[in-house]
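Asker: Chain residues, written in single-letter form:
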Amino acid sequence: MEPALSNTPSDAELARSIAAASGDSGAEAELCRRFARRAFLYGLRHLGNAAAAEDLAQDALVTVLLALREGKLREADQLASFVLGTCRTLAVAQRRKGQRREALLAREPVQLAAEQLPREVDGERLQGCIEGLGEREKAIVVMTFQQERSAESIADALGLSAGNVRVLRHRTLARLHGCIEHAGDAP
Amino acid sequence: MSHPNSETLAAYWLGELPEAEVLSLEEHLFACERCTKLNARMAALPRALAFAVPPVVTREQAARLQQLDARIQRVVVPPGGHGVADFSSGVPAQLIVLEAAAPGAVSVNITLCARDGTPVRTKEAVPFDAASGEVIVACRDYYVMDETLPRAATFQVEATGPGGERTTRKFDVDHVLPV
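Those protein sequence lines, which keep their order, are chains A and B. Using this note's numbering, you'd call the opening residue of the first sequence number 1 and step up by one each time. Using this note's numbering, you'd call the opening residue of the second sequence number 1 and step up by one each time.
Just chain A, with the same shape it has in the complex (with noise of 0.2 Å):
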């Protein structure tokens, strides 16, 4: 658990806030934007892909909100794993359902602020990092994420086992998350 800063309020303090006093539109906002982002990429981390991700992320939002309005978190604390809970339980029920779900976002919309998305890699520095991977690793990004070839073909390519190229394709991932997070700097 994250401790809170002097001037931010805990996520139970939220909690607490909201349950208090229904439609508290600060703290409301407030747990919005702190949420926003890790549901939206929890939902694309389990729907895969972007427009169904925003709309996991603002559904939860909705029914968390509801819910703390109408005081059903009984432990404030434990705001974030209430969250998680949620969009956990809205991925199972879209995957089964495969439907949006319009009418609750048409009661309660809830706007996404565009900073919460994912702000796009840019393209130039991991081109960049790219050429400073060895030639093993480079071959890994383009079959992986080029070729879409599973481990175990790229095992058969490479004289591998799959279970390397799994763990080199983790590492060669982190090298390069590591590279554009920092300017100039070598993977």
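Hints are computed from structural coordinates only; laboratory data are not their basis. Among these hints, one or two may not hold up.
To be verified - Derived DSBU-like pairs (lysine-lysine); straight-line CA-CA distance at most 30 Å:
{"#": "1", "chain 1": "B", "residue 1": "Lys-123", "chain 2": "B", "residue 2": "Lys-170"}
{"#": "2", "chain 1": "A", "residue 1": "Lys-72", "chain 2": "A", "residue 2": "Lys-97"}
{"#": "3", "chain 1": "A", "residue 1": "Lys-138", "chain 2": "B", "residue 2": "Lys-123"}
{"#": "4", "chain 1": "A", "residue 1": "Lys-138", "chain 2": "B", "residue 2": "Lys-37"}
As the list claims (entries may be wrong) - If you want the footprint, here are the derived chain B segments under chain A, 3+ residues with CB under 8 Å:
{"#": "5", "segment": "11-20"}
{"#": "6", "segment": "42-48"}
Note that beta-carbon positions come from the ideal geometry of N, C-alpha and C, so glycine has one too.
Given chain A's structure and the hints, the job is docking chain B onto it.
Answerer: For chain B alone, coordinates are given in the frame of chain A:
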């Protein structure tokens, strides 16, 4: 759990993290703003890598790019001809198809020049279609924003034949900046 490292986040996005670790990682991510920022950047990386193509691509890579993003267009330029790569509508890339640039070649180099012929950047042993001699330049929007590269460009394609003979063909391409 403590803050995850980048390898753990990579495994998470590739679907290669054990389920129990996924559950505890997500509990942490929902309670940690710092890790949410790192996680967002990792989330964007696989798609960015899918688009991270070299400046000269094969026909297969060109087709795959157009499948990934329908906004990507083709500009076909005949030898000695002229084309316009227009980025004003926000397209992320233009595929500049240099027709019959290297027919019968065994090896191809390409040089990006200013319109007066001053060479700016050379790529050696680039991919080409052996049957048609076609060379495809994948011009990304961020190249166009690079002020060190010429907007009024000439692509100079040097083809080496099986007997070592060399032929050079030129293609003029103007680049229109994103609005």
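Asker: Determine for every hint whether it applies to the structure shown.
Answerer: Status of each hint after checking the structure:
no.	hint	verdict
1	B:Lys-123 to B:Lys-170	holds (15 Å)
2	A:Lys-72 to A:Lys-97	holds (26 Å)
3	A:Lys-138 to B:Lys-123	holds (18 Å)
4	A:Lys-138 to B:Lys-37	holds (26 Å)
5	11-20	holds (count 5)
6	42-48	holds (count 6)
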